[in-house]
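> Residues per chain, in single letters:
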Amino acid sequence: MSEVVQWSAADAAARVAAGEISSPELFEAYRERAAADELNAFAWVAESAPEGGRGDTPLGGVPLAVKDLFCTEGVPSQAGSRILEGYRPPYTASVVSRLAEAGAPLLGKTNQDEFAMGSSNENCAFGPVLNPWERSRVPGGSSGGSAAAVAAGLAPWALGTDTGGSIRQPAALCGIVGLKPTYGAVSRYGMIAFASSLDQAGPLTRDVTDAALLLRHMVGERDPMDSTSLRFPEPIELPTATRLGGIRLGVPEELSGEGIESTVLEAFEATLRVAEGLGATVSACRLPHAPHALSAYYVLAPAEASSNLARFDGVRYGLRSGGDAGLIDMYTRTRHDGFGAEVKRRVMLGTYALSSGYYDAFYGRAQRVRTKISEDFAAAFADFDFIVTPTSPTVAFELGAKTSDPLAMYLNDFCTVPMSLAGIPAISVPNGLGRPDGAPEGPGLPIGFQIAGPAFSESRILDCAHALQQAIGFDGSPARA
Amino acid sequence: MTDYEPVIGLEIHVQLSTRTKMFCGCELSFGEPPNTRTCPVCLGLPGSLPVVNARAIHFGLMIGLALESELAPRSIFHRKNYFYPDLPKGYQISQYDEPLCLGGRLADVRIHRVHLEEDAAKLIHVGGGGRIQGSDRSVVDFNRGGTPLVEIVTEPDVHSAEQAGEWLRLLRTTLRELGVSDVDMSQGSLRCDANVSIRPVGSTELGTKTELKNMNSFKFLEQGVRAEIERQTRLLEAGEAVEQETLAFDPASGAITSLRSKEEAHDYRYFPEPDLVPIAISAEMLSAAAAALPELPATRAQRYEDELGLTAETAEAVAFRGELAAYFEAALDTDGSDGAPPQALAQWVSAELAPRLGEAAPQDSQVTPAAFAALVALVARREVNVGSARAVLERLLAEGGDPTEIVAAEGLTTGDVAAELGPIVTAAIEANADAAEKVRSGKLGAIGPIVGHVMRETGGRADGGDVRRLVLEQLGL
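Line by line, the protein sequences are chains A and B. FYI, the working numbering numbers position 379 of the first sequence as 375, with every residue one higher than the one before it. FYI, the working numbering numbers position 50 of the second sequence as 37, with every residue one higher than the one before it.
Bound conformation, chain B alone (with noise of 0.2 Å):
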């Protein structure tokens, strides 16, 4: 049987949060009610003339920076020409063989292109299941068209499912920390479209690819992906072709079905818009947008490696998530974290704290980061072990605290039961005697059941290094 390696590329669609529409001075609509937030220019009605939103242009350029991209200094709108009920003109303006970004790269996906839309206007299906076939009516709501969307498109660097998550979420995280949009999968201001394909393991073509349509979580992603992979795997081994077509996944039935094949694909008529000049980028239209750039994750990544030591994968792990570096930073500053040092501190973050908030943020929680460090300085120092750490640390978010004053209390530190531990490992050494022989004849992997013992006895306070070392030493090793 063959093996196959997917090849995925990524297209996802950003809404700006700009103060206005793209192309007009209508206000963003954030649940207004409908058609509401209008005028000539975004119902589309004849003779309304668009004017390009500077802002949108503006966040274009920084996104570009932030993705590496080349910026074109002279950049144009296409029409896109399509009818349909949510697309007032009769076409989306947008960019098509000129747009205002070129190539770049995010991580370890490079970027082919990053240009400036419009978003369509929403319907609403009354009737028939929400859908337009069979529906009673439809009706628009404009308030959403002419919002300013940023489309970007990857090289077809993505080779997995979860490859295809991790990468939209460190770019969800670099959007957000450069201010540019509210990135909300389940709002719609993130959208992601992914093409894949599938190809044996070795070879360089690339198979046929089919796209599958706005995947509006990171899970449906995800879902959505590996279930396509999985049906062109079923299709190739079953010796038939994979269709160039259009997809949707239903993430409750987890089922892929048809948009509109080749065949059925539009001819959008792309020509110049008439109506707009062509975006020219000015040194300080540049300079503006360099000086807007904040510290983005993937340099923050690499500062953490170069000038914290931490290894690449701890610190990716705490740079692509901006509240957390943010927290490891702050606890970095600390008096507390005297004695911590960063690479700990980083894991205790990313490791044990961040899976404890969820999706939550650490700056919202009881655990001040003087506190967090200062817990992480009394494991570092051996003072408390891990496992009593992580008792504190619960402590420490369901009500808050000083972790050194709680430990005191609790009389967790390892230096309270050190004393005693001499006695408690003879004990333990006589209980598993089976195991006492096996570590002296040289298994020391038989050490675990000793060590044990002596935890329970201990209540799980004692450092475990201190009775490895004391169980051997008893032990003639």
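Excised from the complex, chain A in its bound form (with noise of 0.2 Å):
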């Protein structure tokens, strides 16, 4: 069965309508792929397949990898942290029962850096996931497993969360398509919350129209669960666009210039020669605090976890440490053992930003610059309908080159955190190949484009997105790995 893997989701949900493969044999075929998994991409792998084939529904069967922070009733759900541990939540996060109703059922949970803090998987309790181009390399992050899963063919498809730039960084290093959805467009019920003002889950996908197929069954009617999740106004559509005639492409010069990468801004300069080739006009815009947006976004999502990671207390689930020493103790010992460095790092930075005589400075001023880049974004948008970056400002890098430098892993988020900020939809497309400034020769590592348009975009931004990809003819194809 390993032609399979040859295929697009959408391309296996139509054949196991058209009745060439069962959807049992589909999720048996990822099944034994998922469970040889060599990248350490995947935490649990699902030992059959669910009950009954669900052939006639509209995803057809077709297996779904699932980040380890989406809750799935009886399966381990431990975000990649010690201090979850083999804990089996009693329910299900919404988004994945509503793709599991569409006929997308679990296949397994992947690895992913401890509470989707990190951009290289490399903070993840149960070791790091391997990058399928080159194995001595990240994969990204956060949700690395995710996409290391799709783009080695372990999972057809994978859902990822999106805080600052968790889904569409690791799909750009793994030559795969990433997409952050508007904020609240997908329900956030169950999602294991890192920073609750700016997570958000999304899809990772081997091409634009599995991305679609499977965003067009994450959003809908809102979750009643969550108070801060919206109605779709429309149908996702499926990208049918081959053209780009009379759309307008602002490039931000604060976002496409120092700090990135030769190989980088060479493939992104040829896929805006590209895009006007398609019809498209490209001129030079300005997002004039997006500079600003990677501070503030550090001051923001450490406030946030801070307090949401504060749960995670030994009293009622996951590890407890020291429980016969007194309550401090046992708050103390069990933080201190659960939690990793990174994340100790950003309790601590965000419990120093909201305290008493700081918080102005620190959280009301991040605050602040928020809601100019989304004015920035805002005024952007009067003039054209998409604004394109670089995704990373770097292909992906070697394992352990970046762990002891948090800045340097921090620079990785640079040209994702404004949209993450402003709320509004994304894309990274994969566009080239390309080796490392300095790196020896080898095969190329995979580059991404990034495309973000308003809230609530996601159909349009697709179908640029699907233009692009067909004219660029970027071959992700698995087999190799």
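Hint data in this document are derived by calculation from the structure and do not stem from the laboratory. All values reported here derive from a predicted model rather than from experimental measurement. Hints may contain errors.
Unchecked claim - Below, a sample of chain B positions facing chain A; criterion: calculated Cβ distance under 7 Å:
(1) Pro33
(2) Pro265
(3) Glu381
As the list claims (entries may be wrong) - Covered by chain A, according to a simulated footprint, are these stretches of chain B (three or more residues, beta-carbon under 8 Å):
(4) 18 to 32
(5) 71 to 82
(6) 139 to 147
(7) 249 to 263
(8) 389 to 396
No residue lacks a Cβ here, since even glycine has one placed at the ideal position from N, Cα and C.
Got two chains here, separate frames each, mind docking them using the hints?
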């Protein structure tokens, strides 16, 4: 059944519908591949196909890999953390239920940076995930397991979450498509929270059509269990565009120059020329506050995280250490033993930022920057249909290259964080291969191209991405894996 | 020695009697087995999210209207962060600088703010005297966790322990009549903390305040506040300073102990709750809350004064207790009230009936409003004197019945004895010659023994006014 990996998820669903393959056969073919995972992409793999073939469903029973931080009833949901090792929730996240209903059964849970804090998947209590393109390199993060699984053909498609770039950046580094939807479009109920005002679930897929197909069944009516969820105004269309006539692309000078690897910039420029060839106009635009986005993000996200992670106290679930020596000792030891270094760093940063006397200087100011960034985008969208940037400033880097330098690691999110703060949708599509600056000769590594649009413009973004994908002809086939 | 004036502000927590919890669909718990009214949300399981209970907002708006507060068109929830095992998320969802209601007034006390929040779970300490320190282990019952709470904070307008108790009773009646809470202090559905400071009389500066936590009865509130005022007074008189701290009052020993000092105070790291959207109050929500408001005790008291001519004191005594007010109005509406003026009826309800019933409602007694009204009418028409009427009331309370029939059967009317009064008064004057002489010489206050003599002779049935008039007449005055 090795030919299954040649099919996109949409292809596979069509073949199930046509009776070429049954959905249990499809599930088993992928289950075997996932079980033989050598990339540490999976934290857990289903032992068998779910009861009842769901071939008559819109998603045809095409199995889905799900990032570990989505709660799945009776199935380990550990968010990459020691503190939740072995934790099996009593309920399932709304979006996972919705997709299972639509015919995408749970194939397995994928590894991630602990509580989605990281850009390399090295902050995972269960070991780093390896990049299928070059196993000495990181897959990006925090949805690195989902990205690596799709890129390596261990899963037809996957669910990730994006807080500051955690879908788009690993998609770029693994040569696949990753979409962060409009904030509120996808229910967060059952997603173990990192930063509530930024977290958003989205698809990681082999191509743009798959992303549209999966997203179509993630959005819709608002979820009554998530107060911040929103009804999506219209159904997601499957993309058909092959031309970009009349489309105005804005290139923010703040996010397309300094600090970006030359191979990434070359691919970016080449893609802009492809877009022009398809009829788009490309011009420079301004996002004056975008350079401050990363600073604001690293106040707001840790502040929310410091509060969101307070519930991991050893009282009700997960790890408990030092329970015999009194309450404070139990709290201290549980959190000392259960959280990794990056999580502790952000909890401390966030606690400090919210402290009495510092709130206005940090949290208050960061919120004002966030508002300014939203206003920048709103102004830019008056003149442009989409804002385009490189997704990640670099291609996949070596394991361990940035683990001792948190600031260098944080710079991975430079181009993706502004969209997160503004709550707008953005996609990363593969747009070429390249070697990092100064690296020895070798096979190319994937590069990603980011397209961002106004809130609820997902169908149009997908169309634009589809046209570019057709024209670029990037071969991300996992057959090499 | 300096005289000190206490300055007291109250913080009241009220559990709302909604069907479900503040942020999830679990039904509220009334003594169910532990941890049977829980779900991922109120257990704070990873990934769960809160959703605001619309009914709790409705109740909050009703309370705001009843307290004459300004209702915020937009208010937001904040997270109050601290670690404790009864707080499953590690933060309480509360309101901070943009609460549901601002300002207001109930009777003589101004309201500072009213906001919505969620209750904590219940900790049970096994062994070691039931306190966390020294207990063998502590277990948590999450049934109560997430129960909707309204916190009402007053301005420091209370100046004595008694006033604190009285005002809290009025608040309890108001909330009970709104139908928004069981307001039972012994069950914790009404809880009160007091911020207490004292200052020299005449001073306008506030002294250092202490916070006295969780007094779970009206009696303990008054005892606790009184004890804290005395403690602060002793400190200041000894030339020492009051420390800002959080205190607990132990009603058994009367002792006040420190829970935490100012230095140990938490930094709650409040920030806007990102899992909830702001509460925007629509015109529909406002009109629904206004339509749900019954007549409130303070309004009722004013109406009794304005329309029925009651004195302020009597009006409040009846109006501030809902069951008394209802009984009073029922009695006023009966035919038996013919001849009983509202003031007399209200006074008999508050000063005679209510004290004999204690906490019980008059509606549950043997005395029907009609019988009660008839009794007061007899007194008002001076057909029965007050002493006899009290005896009849006791009998009505014990076995019910018709007061007119009881009075007739027992020969208690003043009319029965009026004819015989002349000779009895003559005999009484003779028996109290000294007193009679004093009265003749203008000391009217000396009439007591003569009247008392007549009342004894008539078995207490005579009308006191009649007797007094006859005595003066026979003495030539």
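> Hint compliance check: list the failing hint numbers for this structure, sorted ascending.
Per hint list: 2, 3, 6, 8 violated.
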